[in-house]
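Undergrad: Sequence:
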Amino acid sequence: MRPGKAAHADRCPVSAVMGLRERKKLEAWRTIRSAALGLISERGFDAVSVEDIAAEAGVSRTTFFSYFSSKEAVVYDLDPEEVRQWRALLDDPRDGQPLWAAITEVALGLAQLLSERLPLQKRLFEQSPELCRSARGTCDSFEPDLKLWLAARVPDGDELRTALVFNTALAAFTTAIEAWDPDDPFETFLESVRDCLRWAGAGLARTGS
187 MRPGKAAHAD RCPVSAVMGL RERKKLEAWR TIRSAALGLI SERGFDAVSV
237 EDIAAEAGVS RTTFFSYFSS KEAVVYDLDP EEVRQWRALL DDPRDGQPLW
287 AAITEVALGL AQLLSERLPL QKRLFEQSPE LCRSARGTCD SFEPDLKLWL
337 AARVPDGDEL RTALVFNTAL AAFTTAIEAW DPDDPFETFL ESVRDCLRWA
387 GAGLARTGS
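Whatever position you read off the sequence shown (first residue = 1), add 186 for my numbering.
Don't read these hints as lab results, they were simulated from the structure.
The reader is advised that the hints may include incorrect statements.
The calculated DSS-like cross-link candidates involving lysine-lysine, where the alpha carbons are at most 30 Å apart (straight line), are [stated by the list, open to error]:
(1) Lys257 with Lys308
(2) Lys308 with Lys211
(3) Lys257 with Lys333
(4) Lys257 with Lys211
(5) Lys333 with Lys308
(6) Lys257 with Lys210
Listed next, with one range per pair, are the computed distances between beta-carbon atoms [said to hold, decoys possible]:
(7) Lys211 with Leu346: 40 to 48 Å
(8) Asp369 with Gly282: 36 to 44 Å
(9) Leu306 with Asp344: 23 to 31 Å
(10) Phe251 with Gln298: 28 to 36 Å
(11) Glu228 with Leu356: 28 to 36 Å
(12) Arg209 with Ser301: 23 to 31 Å
(13) Arg384 with Arg207: 42 to 50 Å
(14) Glu228 with Gly205: 31 to 39 Å
(15) Arg209 with Thr374: 32 to 40 Å
Since we're looking at a predicted model, the values are computed, not measured.
Heads up, the beta-carbon is just placed ideally off N, CA and C, and yes, glycines get one too.
All chains should be modelled from the sequences, with the hints used to inform the complete structure.
TA: As structure tokens, then:
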């Protein structure tokens, strides 16, 4: 076990350290998202309205918008537990690992973290061009943390090099998503992520990354 793993294993789920009010809000958030994903899976994104989701979840339209900024957000927004697990991935120091090997581990960890939602999201991209155009929102959720993580590991924190490494990794990950058939086993997608990152990293390795 690498340093940092034991500490992460001992961390409590977000709900365990919340007060009653916060737990109720989280429960409502999850209820709305569960209702939304169920309806969208059954009917398709474009055929489901915010009103449909609110009715299925047993809340008002106003309450829906108290938790989600848009219908797209209900597909993309991260559960607080997913945020905690994502940051735990980045907290692992991965001492002694080359940068690109560490990035590959983080990318695979992210894919596994989102494994329950990615197949649905991929199907929705194919069904709804509008939703596909807003897919960048998911990447935006991870971008600030990942860029800080990279800057701390790139020699001298060079901004240009950090941007190059980040954009290369993002392109590799996105390519794997685009090539993946969501009806295939999820392990097939993970293999594609590994392959794309390995091929992309082969060029960066020549610069010491």
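Undergrad: Report the numbers of all earlier hints that the structure fails to satisfy, in ascending order.
TA: Violated hint: only 9; rest satisfied.
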